[in-house]
Amino acid sequence: MARRGGSGGAFLSLACLEAAAVLRGARLETPALFFGAALSERLSFFITSSVKTPPAQSLLDWYDRHRRILPWRSGLGQKADPYCVWLSEIMLQQTTVKAVGPYYHRFLEKFPTVQALAAADRDDVLSAWAGLGYYSRARNLHACAQQVVALGGFPQTVAGLLNLPGIGAYTAAAVAAIAFGVPVVPVDGNVERITSRLFAVEDPLPGVRKALATLAAGLNKDKAAQARPSDFAQALFDLGASLCSPRSPACGLCPWREHCEGHKAGIAPTLPRRAAKVAKPVRYGIHFLVIDNAGQVLLRKRPEKGLLAAMTELPGTDWRMEPWAQADILPYAPVQAEWQHCGMVKHVFTHFTLEAMVYAARVSHFSNQAVASGFLAPVTDVETLSLPSLMLKCIKLGLKTLAV
DNA sequence: AAGCCGTGGTT
DNA sequence: TAACCAAGGCT
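Heads up: the first sequence begins at 1 in UniProt numbering, then just goes up one per residue.
It should be emphasised that the hints constitute simulated quantities derived from the structure, not laboratory data. Some hints here could point you the wrong way.
Unchecked claim - Dumping the calculated SDA-like pairs for lysine to any residue here, alpha-carbon to alpha-carbon at most 20 Å:
(1) Lys79 / Ile69
(2) Lys400 / Gln340
(3) Lys110 / Glu383
(4) Lys301 / Thr113
(5) Lys301 / Glu313
(6) Lys210 / Ala143
(7) Lys393 / Leu354
(8) Lys396 / Val348
(9) Lys98 / Ser58
(10) Lys280 / Phe349
(11) Lys393 / Glu258
(12) Lys210 / Ala224
(13) Lys79 / Asn190
(14) Lys393 / Val382
(15) Lys346 / Gly374
(16) Lys393 / Trp339
(17) Lys305 / Lys79
(18) Lys221 / Ser58
(19) Lys98 / Glu109
Work the whole structure out from these sequences, hints included.
So this is what it looks like as structure tokens:
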């Protein structure tokens with residue numbers, strides 16, 4: 001791991017010059033060798049025992065003055081509700097505060113307690129999640145609620161929380177710290193960014209992720225942080241969200257600016273570095289919108305596993321790497337009709353881009369066979385049908401064509 | 001363990 | 001526009 005910042009002596013304690021030598025030397029080695037098993041353990045020790053961490057009190061003072069007011073956040077010194085903390089943490093995984101807000105309120109209204117959530121139908125939970133993305137979170141949320149009820153409440157340790165579905169290293173630490181006052185540092189994208197800047201770590205993600213987590217774990221070692229584990233964790237989130245932002249951090253306002261090696265070296269805005277990414281492949285699919293005289297649209301449910309698992313979709317082809325020829329697609333049409341070409345919907349998933357061609361038609365009524373291939377729903381209910389965003393786009397495009 | 005899993009906002 | 005990114009987890 002390459003860490004910048006003047007002489008090793010100023011940055012690392014004198015007792016650990018050997019560690020500094022190891023760290024400097026490591027820059028010259030291949031990443032694979034550097035993170036080799038034995039060496040990695042030695043480095044974890046050296047890092048946690050030798051790295052000078054910034055004063056937690058400075059951050060906490062800043063937090064007390066500038067902390068954000070969020071729906072799931074309790075008042076300073078107030079006790080947090082574990083159910084609310086957990087629910088918000090799951091929703092906030094890879095999801096912005098702004099997007100979560102309405103979902104969080106709706107969810108609490110529908111499922112006010114973990115018992116209510118556990119007792120609910122899974123489809124109702126999925127429905128309340130529709131549009132938020134990463135739908136495995138909703139399935140795991142429901143399963144987790146049932147386990148929590150069976151356990152008689154939320155586990156109050158990181159290890160106990162880690163056993164629950166949908167809760168990984170980050171969420172376990174976040175719930176433990178925020179809901180139960182356990183002095184741990186949850187490492188999310190904010191904390192990775194802050195840590196890489198504080199210690200001027202120039203090696204790229206995702207390879208350097210483990211090393212950043214080790215460095216981050218040392219951030220709460222002083223007394224001030226130990227006294228306020230919940231506030232310290234949330235202070236890091238707020239710092240990452242409002243000052244130590246990805247593109248143009250406001251280093252001049254940062255309570256840790258005098259302790260930040262990245263800032264001192266003038267490279268803070270460029271951190272963390274990332275390995276060059278590969279281009280996303282394009283996949284091609286066709287989807288069909290059919291409406292009968294009663295204003296009903298034919299839909300179907302996707303398979304239980306895989307992309308958009310168990311969510312609702314328009315009937316259509318699979319999504320393949322080769323574009324579909326006109327002649328290939330008729331067998332996939334759910335009914336015989338005068339199909340009108342509506343255009344293309346482009347949708348970007350994490351690992352590929354989908355170009356979905358949409359065809360639309362009207363029929364007087366659906367045959368039993370057609371209905372058996374899926375289910376019918378009033379087209380006026382499209383907004384409330386628990387549809388993934390992609391399908392909402394396809395339907396809107398199809399409706400536009402039919403209306404003409 | 002690298003690939004899979006959504007969506008919306010920003011630059 | 002295309003890339004980037006958000007309080008990541010699972011397999």
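Hints, one by one, checked against the model:
1. Lys79 / Ile69: Distance of about 15 Å is within 20 Å: holds.
2. Lys400 / Gln340: With Cα atoms ~11 Å apart, Lys400 and Gln340 stay inside 20 Å; holds.
3. Lys110 / Glu383: 18 Å, holds
4. Lys301 / Thr113: Violated, at roughly 29 Å.
5. Lys301 / Glu313: 6 Å, holds
6. Lys210 / Ala143: 29 Å, violated
7. Lys393 / Leu354: 12 Å, holds
8. Lys396 / Val348: Given pair Lys396, Val348 holds - Cα atoms ~17 Å apart, limit 20 Å.
9. Lys98 / Ser58: Not satisfied, since the Cα-Cα distance of roughly 28 Å exceeds 20 Å.
10. Lys280 / Phe349: 9 Å, holds
11. Lys393 / Glu258: With a Cα-Cα distance of about 49 Å, the restraint between Lys393 and Glu258 is violated, given a limit of 20 Å.
12. Lys210 / Ala224: 25 Å, violated
13. Lys79 / Asn190: Distance ~24 Å between Lys79 and Asn190 Cα, so the pair is violated.
14. Lys393 / Val382: Holds. Lys393 to Val382 sits at ~11 Å (cutoff 20 Å).
15. Lys346 / Gly374: Violated. Lys346 to Gly374 sits at ~24 Å, over the 20 Å cutoff.
16. Lys393 / Trp339: 18 Å, holds
17. Lys305 / Lys79: Outside the cut-off at roughly 38 Å; violated.
18. Lys221 / Ser58: Cα-Cα ~14 Å, so holds.
19. Lys98 / Glu109: Distance of about 18 Å is within 20 Å: holds.
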